[in-house]
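For reference, the chains in residue letters:
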Amino acid sequence: MNIKFSAADLFEKVKERKPLVHQITNFVTVNDCANATLAIGGSPVMTSSPKEVEAMVKLADALVLNFGTIDEKSLEAMEIAGRTANSRNIPVILDPVGVGATPYRTEKASELLKKVSFQIIRGNASEIHRLIGGDIVTRGVDSEELAISNEALAVSAAKELNSVVVVSGAIDAVSNGKHTSLIDNGNVLLTNVTGTGCMATALIGAFSGITDDYYAAAVAGISTMSISGEIAAETLQKHEGTGTFRVRLIDAISRMDKEMWMNEVKMNEEITH
Amino acid sequence: MNIKFSAADLFEKVKERKPLVHQITNFVTVNDCANATLAIGGSPVMTSSPKEVEAMVKLADALVLNFGTIDEKSLEAMEIAGRTANSRNIPVILDPVGVGATPYRTEKASELLKKVSFQIIRGNASEIHRLIGGDIVTRGVDSEELAISNEALAVSAAKELNSVVVVSGAIDAVSNGKHTSLIDNGNVLLTNVTGTGCMATALIGAFSGITDDYYAAAVAGISTMSISGEIAAETLQKHEGTGTFRVRLIDAISRMDKEMWMNEVKMNEEITH
Amino acid sequence: MNIKFSAADLFEKVKERKPLVHQITNFVTVNDCANATLAIGGSPVMTSSPKEVEAMVKLADALVLNFGTIDEKSLEAMEIAGRTANSRNIPVILDPVGVGATPYRTEKASELLKKVSFQIIRGNASEIHRLIGGDIVTRGVDSEELAISNEALAVSAAKELNSVVVVSGAIDAVSNGKHTSLIDNGNVLLTNVTGTGCMATALIGAFSGITDDYYAAAVAGISTMSISGEIAAETLQKHEGTGTFRVRLIDAISRMDKEMWMNEVKMNEEITH
Chain G
1 MNIKFSAADL
11 FEKVKERKPL
21 VHQITNFVTV
31 NDCANATLAI
41 GGSPVMTSSP
51 KEVEAMVKLA
61 DALVLNFGTI
71 DEKSLEAMEI
81 AGRTANSRNI
91 PVILDPVGVG
101 ATPYRTEKAS
111 ELLKKVSFQI
121 IRGNASEIHR
131 LIGGDIVTRG
141 VDSEELAISN
151 EALAVSAAKE
161 LNSVVVVSGA
171 IDAVSNGKHT
181 SLIDNGNVLL
191 TNVTGTGCMA
201 TALIGAFSGI
211 TDDYYAAAVA
221 GISTMSISGE
231 IAAETLQKHE
241 GTGTFRVRLI
251 DAISRMDKEM
261 WMNEVKMNEE
271 ITH
Chain A
274 MNIKFSAADL
284 FEKVKERKPL
294 VHQITNFVTV
304 NDCANATLAI
314 GGSPVMTSSP
324 KEVEAMVKLA
334 DALVLNFGTI
344 DEKSLEAMEI
354 AGRTANSRNI
364 PVILDPVGVG
374 ATPYRTEKAS
384 ELLKKVSFQI
394 IRGNASEIHR
404 LIGGDIVTRG
414 VDSEELAISN
424 EALAVSAAKE
434 LNSVVVVSGA
444 IDAVSNGKHT
454 SLIDNGNVLL
464 TNVTGTGCMA
474 TALIGAFSGI
484 TDDYYAAAVA
494 GISTMSISGE
504 IAAETLQKHE
514 GTGTFRVRLI
524 DAISRMDKEM
534 WMNEVKMNEE
544 ITH
Chain L
547 MNIKFSAADL
557 FEKVKERKPL
567 VHQITNFVTV
577 NDCANATLAI
587 GGSPVMTSSP
597 KEVEAMVKLA
607 DALVLNFGTI
617 DEKSLEAMEI
627 AGRTANSRNI
637 PVILDPVGVG
647 ATPYRTEKAS
657 ELLKKVSFQI
667 IRGNASEIHR
677 LIGGDIVTRG
687 VDSEELAISN
697 EALAVSAAKE
707 LNSVVVVSGA
717 IDAVSNGKHT
727 SLIDNGNVLL
737 TNVTGTGCMA
747 TALIGAFSGI
757 TDDYYAAAVA
767 GISTMSISGE
777 IAAETLQKHE
787 GTGTFRVRLI
797 DAISRMDKEM
807 WMNEVKMNEE
817 ITH
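Going line by line, the protein sequences match chains G, A and L. Mapping of the first sequence onto this note's numbering: position 176 corresponds to residue 176, and the numbering continues sequentially without gaps. To convert a position in the second sequence, counted from 1, into this note's numbering, add 273. To convert a position in the third sequence, counted from 1, into this note's numbering, add 546.
FYI, nobody ran anything at the bench for these hints, they're computed from the structure. Beta carbons are placed, not taken as given, at the ideal position from N, Cα and C, and that holds for glycine. Wrong hints could be hidden among the right ones.
A few chain A residues that face chain L, going by a derived Cβ cut-off under 7 Å, partial list only [said to hold, decoys possible]:
no.: 1; residue: Val303
no.: 2; residue: Ala307
no.: 3; residue: Met319
The following block holds chain G by itself, in its conformation from the complex (with noise of 0.2 Å):
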């Protein structure tokens, strides 16, 4: 099946199943994170005590791991979280938030991919590359310019850490290393403020609760967030700026529907094997 229907069909389905999409991540976005999720249709539950996670996670429908504030007990909470919900078939997702900008960050993420299989990871260009070796120094949590494209970076990460990888930026790329879907929605104010990233990984967390196909849940996931960030642009006055754009993405998640998805994601699909 073409996958612009496949991820078109999640919309309805997730707002049907209210999928409980149980998230370790950062205090710094965690807000924004359970707000997106609960605008999609999910149910957020966001506990990274070591002492509960085990149960939490069997009750979820996904697991989403955040590495923006880790510390050495959330990391804790991430393992015995992400060990259970493998030995149950309940899809785990990272995102790592500023792999590569210190030494921690990056040791730790190399050791969790070591013990919990993950189905879907996004990151920025320099997180994902990283993520496989390169040796780009990221700067505190933004994105660096890199030689090779999204949709090549894509492609390399998704065969060497087998999982669909979503590497975000103007145009995003989700590949599953054998298809690869380029998306172009977007606008410039999504990096001027904070969580958009996290919130992405979010929805696609939800979307990941509802389906097998997790290739076309990181698209459905992606595109939603970049579609909303040109629907906030579009309607801003002249006098707003950034703190109505955040409002107003949020007004798009919780409006996007099959119908609208369909009339505004402008995305292509390669076949890459």
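With the hints as your guide, set chains A and L onto chain G.
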């Protein structure tokens, strides 16, 4: 005195007295709780370090303990702060978020109820049901449907827990075991943004900081949130969604006064004994 | 050069240079601080794990330490990051939130002042007064009225603490001990939303990341917040409240440029020595 007039009188008083509301809460909705407290006229302080909660709560007019993201450290802080508040007759309000979802959460709530005396407890039906020994399994942090009405549950729980109990839902029930108020305000969008329950508890905390009539404080707090949900939803335009709804919710709380509340509240009181 | 022109020149520069501002801050307003930093043109990174702050701060252009919700772990991270920044001439900015409210907070601030050299310190009058040995008891995290003017307090504190000091309030005073600027912008609604003080410090952090003139950076940062409060309040409609005000505050920060700032700022400078 009529509960409606007792509650109505608190709106001016909270703005005059600006009660200091110490909140040991979760990291998902902590910012929303602080802003809701400020919006109604209170002054929030959110420290949760066991090293300083004893000194901080001594300055406070009310203490709110919220279970959203409990861990060992926050539970230790809750116990210290709760005991200190009890010894000084500072009202303590419990929000048992997610109790019933994991054994850890249920056990820790049960332990805290033995160590700290709560003047008001607010939760959804599943959480309150579980607090009094019901065996429902909560799915994440959202409520399940129960066979018992919110009213009957609030009355039972108030008697068993020896506290004012608020069961929030489509109809909010507030009971002190003898008198029970039913509030028929609200909007379904309140379940589509995170933190509306936590904010309701924060508002109850603010009102309980200015009166000994905790039943009236609970009615004023929960009804303010439900009415604000109605007002926020009424003004929503076609192109707006849950992002704007969330902003308007705080707008409505900040504009709530005695007159507006008297005009909007739909409640009746039943004498249960 | 005139302080007004020195400060004005920073608005274009911060957008060109996009300084990386490492912030070890509180979990209440951390999202607001990140968004304010992005809105003015900086790049925020908020990690506070003692395991990686040394590596992270080496990449940064400025370091902000905020006392809002200190605990043992964040204090350890602040000391490591502060010493590292000092050894590399990266400016360090202190926001002593709530100092004076509990002995723990006051002692820890005093200890940190001995271990780390701060280039800029911003607080309300009670916090700054307490930092220089005043005995006022702060009630929670809000300011008390003092007999001394903000101007006199800023001058004394700047001399005693050997730092640029910002005392924010109805009139903001910024002093380096020799020169003192008084800024008469602002709106009372700034006290009705959480995080406006923290965001002001984040803005000062962003400006201090692109200049050695910390006095000008402090003036640019604090005045941006006060002017934005004015602009946000001016456009508020009758049916709007503090929720919308908070959104417009970020809007105004994101639209602030040299021309707008020159038109709006109401300040004069006094030579104090």
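Against the structure, the hints:
no., hint, result
1, Val303, "holds, 5 Å"
2, Ala307, "holds, 4 Å"
3, Met319, "holds, 5 Å"
Of the numbered hints given earlier, the model fails none.
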